[in-house]
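Chains as they are written, first to last, in the working numbering: chain G, 1 to 298; chain U, 1 to 433.
If you're looking for bench data, these hints aren't it; they were derived computationally from the structure.
Honestly, I wouldn't trust all of these hints.
[Claimed, not checked] Derived list of chain U stretches under chain G, where covered just means 3 residues or more per stretch with a C-beta under 8 Å from a C-beta of chain G: (1) 37–50; (2) 211–225; (3) 231–238; (4) 332–341.
[As the list claims (entries may be wrong)] In silico lysine-lysine, DSS-like type, Cα no more than 30 Å apart, as pairs: (5) U:K209 <-> U:K224; (6) U:K181 <-> U:K396; (7) U:K398 <-> G:K118; (8) U:K38 <-> G:K118; (9) U:K181 <-> U:K269; (10) U:K79 <-> U:K269; (11) U:K343 <-> U:K425; (12) G:K118 <-> U:K181; (13) U:K212 <-> U:K185; (14) U:K181 <-> U:K100; (15) U:K224 <-> U:K425; (16) U:K405 <-> G:K118.
Note that this is a predicted model, so its numbers are computed, not measured.
Each residue gets a CB set at the ideal place from its N, CA and C atoms; glycine is no exception.
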Amino acid sequence: MGQILAVALDGIIYSSWLFLIALGLTLIYGVMKILNMAHGSLYALGAYAAASLVGRWVAGGHAPLGSYAMLLLAAVLVGLLVGPLIERGVLKFMYGREEIVLVLVTYALFLMLEDAIKLIWGVDPYFVSEPYGLLGSFDFAGLTYPVYSAALIFVSLAVGGALAWWLGRTRRGKMLLAVIHDREVSAALGINVRRVYLVTFTVGTMLAAIGGALTAPTVSVVPGMGVEVIVLAFAVVVIGGLGSFAGAALGALIVGIVRSGAVHYFPEVELFSIYVVMAVVLLLRPRGLFSRPEPRRI
Amino acid sequence: MRASQGLTSLVAAGLGLIGTAFAADPQPAAKAEPKAVKIGIVTFLSGAAAGPFGVPARNGAEVLVEGLNGGKLPAPYAKAGLGGAPITLVFIDEAGSTSKQVSEYRDLVQRQNVDLVIGYVSSGNCLAVAPVAEELKKLTVLFDCGTPRIFEDASYQYVFRTSSHATMDSVGAALYVMEHKPSTKKIAGINQNYAWGQDSWNDFEAAMKALKPSVEITTSQMPKLLAGQYGAEISALLGSNPDVIHSSLWGGDLEAFVLQATPRGAFKKSTVVLTTGETAMFRLAIPDGTIIGARGPHGVFAPDNELNRWFRTAYQDRFGVPPSYASYHMAQAIFGVKAAYEKAQGSATNPPTQEQIATALQGLTFQAPSGTVRMAIGKGHQAITETAYGTIKAVKGKATLVNVKRYPAEAVNPPEGVKSQDWIKSSLKRPGS
């Protein structure tokens, strides 16, 4: 029984982390139809920015609790600076081209960002573990867990909830949903699609950076940390259906629980457990669990 | 259906691109001076292995070659360069696929015309490049990769490895555990799911069973390389209540594991053995009581000899941090080449041929900052050295080592002609028993 509870908690913690990362990817795809290969680099940028800000905060001898504010500030800064820069500076000139061209464009961005990160921060690892240990730990199912990991579940729920509220309850959110549904008709109705794109990409970037910033205290912040993440995030959104928020949530939950179960019961197959799930889902529903039927355009 | 195929191929294209992510370009070649010996150095300059291994190795090569070219080293390496000829270095990034490394190797040998190649952190790259080196008849010294298979499954004329292979690390760890925790009954492991992690765990498990047949394995966790998140793995380890947890994780993975396992009490509940722990010991607080190694008598385990003092000081002065084991592995390779080159040259003034250097290096015994290196196994192509393990104890916030134990080369390496796994299973004994 204890082990089943541990599998569940480990799985949910991992799912929350996956969901935070996958959300931005699916948002950008849903609205802009761009499979953003640079998402992992934006995640890494968030982690590096958090490492720098928290590092300075702690070195400055400020109140330790403020380091959490620094994590969020890092994500917001990366979102507001890098998001518009990429959208206005690069993507703006690429709209209307085939999706595969945009994959190549964002892949180029990914390479540039990886090198930019190395130029700014070098190849040595950064550690900002202070926020991780600060909240203490708790016992569950006979095991010790850091409170920080459990807090991640709530952050993830809050971010998902806020996005759902914004999309469903606010005017701008509804406009965004309209663009997801049909870009041309939205434009014809007077929605400023370009502006929606700018906001979407900025929010998507911020979400990636939040994922990175919140991960930074638990890992060593090293070059290439975003590469593994982008592969996982792809698996999650493909399982859930590209562009679907509920799909991202369910995809993350499935992947998290399956992986955790594999680690506890069959560690030797953990490596490909996620891809087995992905293969099975795609066999049964080739466009993912929460895909909408594609309208045929004439 | 077409739409779904389009989507799948889009994702596949994306993932394919990610796969080649770190296929970085080679560094610009150094300009060759007349009569200089041109050495190609291949090590990670980007990607996750750059920080812990690649860059310290490159830095080690730079500092050492500068010292050698300036004739600043103590005896027996006081002669400038290689037998008086200056050394120039060409650096190649090891990041990227194995097939890319094979192309890079061919480029180094056939277009850049290097005189010899020193390189490779990754076992996969070592295995792939060795046969190509033999085909091109180019002296190639593997400096860091661990897999025992290179000289156990094949034999070469032009390929050498100047550091001990991974069996030594696992056997040394097992001997240390049995000596300092003789009551150990249950062991567990967390190792990366590729050649290095699997070999390390298999050797450790076999060595523990050879030393104490009643030892029980509670769980062997095999997370993906660069996974970064170990929450579930740590739960599985904690839940299985092992006395000892073995790990050959390296770089960012090792550091993330230490950061995530410490607040969960894994280091208090079990004795953790980190076979590459030395690279991280000054970077983050590894809890007291953790057993760490350095893949040989390197870094903090290095003996106090004149060569080590020179190397450590030169490195520290230049880069502001002490050299780690990757730097020592690199130094070992360069010293091996220098010793062989000068032995082959003798009193002649002409540079020795590839074959003459290879013959000289075969079975050679030479001195390095980490002590004596003997090319004793793999038909004289594979080095054996002593190794050392120790236990972490923080003194005034700074990591130090207590209970440092050194194991002579023969106690931790198989003899000539015997495969590692066979040797562990048939003849591994506790020293003195």
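Results of checking the hints against the structure:
1. Requiring three or more residues with a Cβ within less than 8 Å of a Cβ of chain G, the coverage given for the stretch 37–50 of chain U holds, as 5 such residues are present.
2. Evaluation of the coverage hint for the stretch 211–225 of chain U: fulfilled, as 6 residues show C-beta separations to chain G shorter than 8 Å, against a requirement of three.
3. Residues of the stretch 231–238 of chain U with a Cβ under 8 Å from some Cβ of chain G number 6, which satisfies the need for three, so the listed coverage holds.
4. Residues of the stretch 332–341 of chain U with a Cβ under 8 Å from some Cβ of chain G number 0, which does not satisfy the need for three, so the listed coverage is violated.
5. Restraint check: the Cα-Cα separation between K209 (chain U) and K224 (chain U) comes to about 26 Å, which is no more than 30 Å; the hinted pair holds.
6. Proposed proximity of K181 (chain U) and K396 (chain U) is supported: the alpha carbons are some 26 Å apart, at most 30 Å.
7. For the given pair, K398 (chain U) sits about 28 Å from K118 (chain G) by alpha-carbon distance, which is consistent with the 30 Å threshold.
8. Restraint check for K38 (chain U) and K118 (chain G): satisfied, since their Cα atoms lie roughly 28 Å apart, inside the 30 Å limit.
9. Among the hinted pairs, K181 (chain U) with K269 (chain U) is consistent with the structure: their alpha-carbon atoms are about 14 Å apart, no more than 30 Å.
10. Among the hinted pairs, K79 (chain U) with K269 (chain U) is inconsistent with the structure: their alpha-carbon atoms are about 53 Å apart, more than 30 Å.
11. Restraint check for K343 (chain U) and K425 (chain U): not satisfied, since their Cα atoms lie roughly 38 Å apart, outside the 30 Å limit.
12. Our distance criterion of 30 Å between C-alpha atoms is broken by K118 (chain G) and K181 (chain U), whose separation comes to about 43 Å.
13. For the hint linking K212 (chain U) to K185 (chain U), the alpha-carbon distance of about 9 Å falls within 30 Å, and the restraint holds.
14. Note on K181 (chain U) and K100 (chain U): the hinted pairing is violated, with a Cα-Cα distance of about 45 Å set against a maximum of 30 Å.
15. For the hint pairing K224 (chain U) with K425 (chain U), the CA-to-CA distance comes to about 28 Å; that is within 30 Å, so the pair holds.
16. A distance of roughly 38 Å separates the Cα atoms of K405 (chain U) and K118 (chain G); the hinted pair therefore is violated under the 30 Å criterion.
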